[in-house]
Amino acid sequence: MAQREEMHLTGQQASRITYTLESSLDSVNKVEQTAEQMAKKAGIEEDEIFRISMAVREAAVNAVLHGNSYDPEKRITASFENTGEALVIRISDQGKGLDPSTLPDPLAPENLLRGSGRGIFLIRSFMDEVHFKQLHPGTELTLIKHLGAAQTGS
Amino acid sequence: MKVSTRQVDGVTILDLSGRITLGEGSVQLRDSIRDLLAKGSKHILLNLADVNYIDSSGIGELVSAYTTVRNQGGELKLLNLTKKVHDLLQITKLYTVFDVKDDEASAIASFTRS
Numbered sequence: 001m002a003q004r005e006e007m008h009l010t011g012q013q014a015s016r017i018t019y020t021l022e023s024s025l026d027s028v029n030k031v032e033q034t035a036e037q038m039a040k041k042a043g044i045e046e047d048e049i050f051r052i053s054m055a056v057r058e059a060a061v062n063a064v065l066h067g068n069s070y071d072p073e074k075r076i077t078a079s080f081e082n083t084g085e086a087l088v089i090r091i092s093d094q095g096k097g098l099d100p101s102t103l104p105d106p107l108a109p110e111n112l113l114r115g116s117g118r119g120i121f122l123i124r125s126f127m128d129e130v131h132f133k134q135l136h137p138g139t140e141l142t143l144i145k146h147l148g149a150a151q152t153g154s
Numbered sequence: 001m002k003v004s005t006r007q008v009d010g011v012t013i014l015d016l017s018g019r020i021t022l023g024e025g026s027v028q029l030r031d032s033i034r035d036l037l038a039k040g041s042k043h044i045l046l047n048l049a050d051v052n053y054i055d056s057s058g059i060g061e062l063v064s065a066y067t068t069v070r071n072q073g074g075e076l077k078l079l080n081l082t083k084k085v086h087d088l089l090q091i092t093k094l095y096t097v098f099d100v101k102d103d104e105a106s107a108i109a110s111f112t113r114s
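Residue numbers (this note's numbering), protein chains in the order written: chain A, 1 to 154; chain B, 1 to 114.
Keep in mind that the hints were calculated from the coordinates and are not lab data.
We put the CB at the ideal spot given by N, CA and C, even for glycine.
Please note that the accuracy of each hint is not assured.
What the hints assert, rightly or not - No more than 27 angstroms apart at the CA atoms, straight line, and that leaves these computed lysine-lysine pairs for BS3-like:
{"hint": "1", "chain 1": "B", "residue 1": "101", "chain 2": "B", "residue 2": "39"}
{"hint": "2", "chain 1": "B", "residue 1": "101", "chain 2": "B", "residue 2": "42"}
{"hint": "3", "chain 1": "A", "residue 1": "133", "chain 2": "A", "residue 2": "74"}
{"hint": "4", "chain 1": "B", "residue 1": "84", "chain 2": "A", "residue 2": "40"}
{"hint": "5", "chain 1": "A", "residue 1": "30", "chain 2": "A", "residue 2": "74"}
{"hint": "6", "chain 1": "A", "residue 1": "30", "chain 2": "A", "residue 2": "133"}
{"hint": "7", "chain 1": "B", "residue 1": "84", "chain 2": "A", "residue 2": "41"}
{"hint": "8", "chain 1": "B", "residue 1": "101", "chain 2": "B", "residue 2": "83"}
{"hint": "9", "chain 1": "B", "residue 1": "2", "chain 2": "A", "residue 2": "30"}
{"hint": "10", "chain 1": "B", "residue 1": "83", "chain 2": "B", "residue 2": "2"}
{"hint": "11", "chain 1": "B", "residue 1": "83", "chain 2": "A", "residue 2": "41"}
{"hint": "12", "chain 1": "A", "residue 1": "30", "chain 2": "B", "residue 2": "83"}
{"hint": "13", "chain 1": "B", "residue 1": "2", "chain 2": "B", "residue 2": "84"}
{"hint": "14", "chain 1": "A", "residue 1": "40", "chain 2": "A", "residue 2": "30"}
{"hint": "15", "chain 1": "B", "residue 1": "39", "chain 2": "B", "residue 2": "2"}
{"hint": "16", "chain 1": "A", "residue 1": "30", "chain 2": "A", "residue 2": "96"}
{"hint": "17", "chain 1": "B", "residue 1": "101", "chain 2": "B", "residue 2": "2"}
{"hint": "18", "chain 1": "A", "residue 1": "30", "chain 2": "B", "residue 2": "84"}
{"hint": "19", "chain 1": "A", "residue 1": "40", "chain 2": "B", "residue 2": "83"}
{"hint": "20", "chain 1": "A", "residue 1": "96", "chain 2": "A", "residue 2": "74"}
{"hint": "21", "chain 1": "A", "residue 1": "41", "chain 2": "A", "residue 2": "30"}
As the list claims (entries may be wrong) - If you want the ones that stay clear, here's a sample from chain A, every Cβ over 10 angstroms from chain B, calculated:
{"hint": "22", "residue": "41"}
{"hint": "23", "residue": "90"}
{"hint": "24", "residue": "102"}
{"hint": "25", "residue": "147"}
Here chain A stands alone, though its shape is the one from the complex:
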């Protein structure tokens, strides 16, 4: 398992963690679990933790499966940051790039019974902001959940 991890736990970036991981399902699970722990630590309520960790899982699946196509030479990068105002999760791959405007609408009647194509839709449904950036090669997704409303007792 060639898995490289980089932890940035110093100074002003005390709450930022970055992983560079191989293109595998183990990486997807690790990224999902990290998001879940981060959301818990931020005091976010349980249903919202589920939505965040699922959105992050979907982004990691996209990176590993559709981006890198499980290529053992390619890596995904996942960074997790609590800015105090928001949880910011960035997931990038080294694949051929993704143009979100070309994705079919999974809610259209003709697509409803398709066996795939719901990942990005769920990410957008569950996060407050989703941004796509082309890396040439690859794609970076930034997932943002604003703190405040999502936290318990606030």
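Start from chain A and add chain B according to the hints.
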């Protein structure tokens, strides 16, 4: 994910528990449905009471199971959705596609008998 199979009044009930996700439960579910259809079981009830997590791959697998069974002249219904799975099916507009039941006896009785 764990799968156990029961037969009640001509209906095959699959009791699923755990996660239906890419790499974890999706393939198992697909294989289970394929095996049942190969054996001629066409009345299939998926009991999702103990499914606590499902991702887009798992949702896709449920849809594929539904269409595969229907294309072979059978019926596939869902039983006992957890709130998480219920909400996901609502968001993806699949709740009305599936025949969703919350009582096992009436679910079994609802299958079309020839």
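*Which of the listed hints are not met by the structure?*
Nothing - there is no hint that the structure violates, so all of them hold.
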